[in-house]
Amino acid sequence: MRYLPAWGTWTDRRVERLLGALACTVLALIAAMVVFVFTKAWPSFAHNGLSWFGGGGNVDRQLAAIFDSPSNPQDYVYTLHAWPMLYATALLSGIAVICGLVFALLCAVFIVEFAPEPMRRVLEPAVRLLAAVPSVVYGLIGILVLVPLVGNHVVSESMKRSVAYVVQLDGTSLLVGAAVLTVMVTPIMIAIVVDALRAVPRGWTEGAAALGVNRWRAMWTISVRAARPAIVAAAVLATARALGEAIMLAMVAGSVGFAPNPLDGMLFFFEPARPLAATIVDNAEGLSVVPFGQTIYAFAAVLLVSSLFLSLAGWAAKRPLKRYGLAAR
Amino acid sequence: MPRLTTRLAVASAAALALGVPSVAAAKTTITMSGSTSVAPLVAKLAKSYVKTHRGVAFKLLQGGSDVGISDVAHDRVTIGNSSRDPKPTDPSGLVFNKIARDAVCLITNNANPVGNLSSAQIQGIFSGSVRGWGDVPNGKGGTIDLIGRTAASGTYDAFNKIFMGTSKISTTMSQKASNGLVQQSVKSDPNGIGYVSLAFTAGVHTASYNGVPCTLRNAKSGQYGGVRNFFMVTRGAATGATKKWINWVQKNPTAQQIVATDWVPLA
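From first to last, the protein sequence lines stand for chains C and W.
For the first sequence, position 264 matches number 264 in my numbering, and the numbering has no gaps at all.
For the second sequence, position 252 matches number 252 in my numbering, and the numbering has no gaps at all.
What the hints contain is simulated information worked out from the structure, not anything from laboratory work.
We put the CB at the ideal spot given by N, CA and C, even for glycine.
Among these hints, one or two may not hold up.
So, partial list: chain C residues that the calculated Cβ filter (under 10 angstroms) puts toward chain W [said to hold, decoys possible]:
hint : residue
1    : 12
2    : 16
3    : 22
4    : 25
5    : 151
6    : 154
7    : 164
8    : 166
9    : 167
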């Protein structure tokens, strides 16, 4: 400790360089990770080309064939059509974020504008606590309570029989997966939107009130509108969490590489789905088989790129909104 | 505040240093990683081994059969534990030392106590051609829910080889990441059927296979057909302390007694 000067005597320039080096380390780490994942994943993409992203055949059969590849590197099997998993990822995160966003917005409006003080004091810490619950806890509740409930009481025997030769409806389903995922991502969104609504200058809403507008209308037309960039940010963060959610979905969304079919009507919601992140968790045991490991890295690469695009999309969506919004602050 | 954190950091570092037991220079450490089904057995064996062999210490990690095999091939551990047979894709130069055998049981929900399942029936059920419990003797009716392990697991490999013959496992099967999850799913699904290691059959009904109930006694006597092998995998033939340890596990009467508590000793 003697070799470092005391905290108080550090010059700005020295601090700047030190912190700059730290920030650069983070950038270098991210770059190294992206390069590593893509070099590992390349053979899988190279062998399949664009059909990697398409459908066709059964994805679990394809994964099993890759796992059982012959030992000669010339004969490695790579054929994979990952559409069911890409579709499941988009479907589950999409449903969860859209449902969650509506709920979070209404909830935040209530907390900021309408909740009585004692209730608000309980609600807000509770929301923040919920946001911090580890996902595996949600997974346990899902598999011990919700999955048996749906499988044994909601899905009827005739529904099961009608699709018995195509897919089994055992309770692990899109419905349970999306429901638990919604519960998981909503608290973050509530917390962010509450902070944003509260940051709207008091004068704006008071001005509206002075013109005879009621509180609900002032909230909806002024505060919520001004907070739009924050709402987009909340949705982006929630989508990121939903995309990367693995353990919970592996437990409750059904570990079958099946693409739920919207044409099945009600059954659609009871059909199983397995998103990319859950596939990685389920199959991590086989990483040592070279072509199988490369395929798993390909899943990781797709997740990395999609989270990158997500940040870009969020940034692009916020830019025009900021002109009217809280950037004035 | 900064001074306090520094002090805390120093204190915790010291605690860590003290917490790590000092290893005598003469001790050889045997590191192992791999199958989660083999790990409980190896832990018991190692505990007994260090009592009589003072010069040896063990470090046991888990991760799955393929992790163990990969680790030992890359020289990260001395022994990789595997619950599956050698595969053509395994790195060359590995030696699979058989140490015990383990029964794979077929389980159903307690509300659906099917009696006996023949090979043909199991192949029909798991290949997806039989989809109703009404078509299975003693079945309670309803649609069959198949619950199994992922293709990359040792238990899947064993089930596929021993029970399925030439038929392919149906793609409708729900693929779980561990024995415990299969057990839990069958426990809560009256229509479910799954396969797990004998150690995971509490709380569910175990069906007989080809007329033989899945019990430790039947597995030991050789009557029960659904038995797979446990291996300790080494890079090249084992030498020195590792060789002594594997020999002890395979031959010593004390070791055989430990194996016999929940697994099948080598004949």
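Structure-based check of each hint:
1. 12: 18 angstroms, violated
2. 16: With a minimum Cβ separation of about 19 angstroms from chain W (threshold 10 angstroms), the hint on residue 16 of chain C is violated.
3. 22: Violated, because the Cβ-Cβ distance from residue 22 of chain C to chain W comes to roughly 17 angstroms (cut-off 10 angstroms).
4. 25: 20 angstroms, violated
5. 151: With a closest approach of 6 angstroms, the residue 151 of chain C hint holds.
6. 154: Result: violated, 13 angstroms to nearest chain W Cβ.
7. 164: At 4 angstroms from the nearest chain W Cβ, residue 164 of chain C passes the 10 angstroms test, so the hint holds.
8. 166: With a closest approach of 7 angstroms, the residue 166 of chain C hint holds.
9. 167: 6 angstroms, holds
When the structure is compared with the earlier hints, violations turn up for hints 1, 2, 3, 4 and 6 and for no others.
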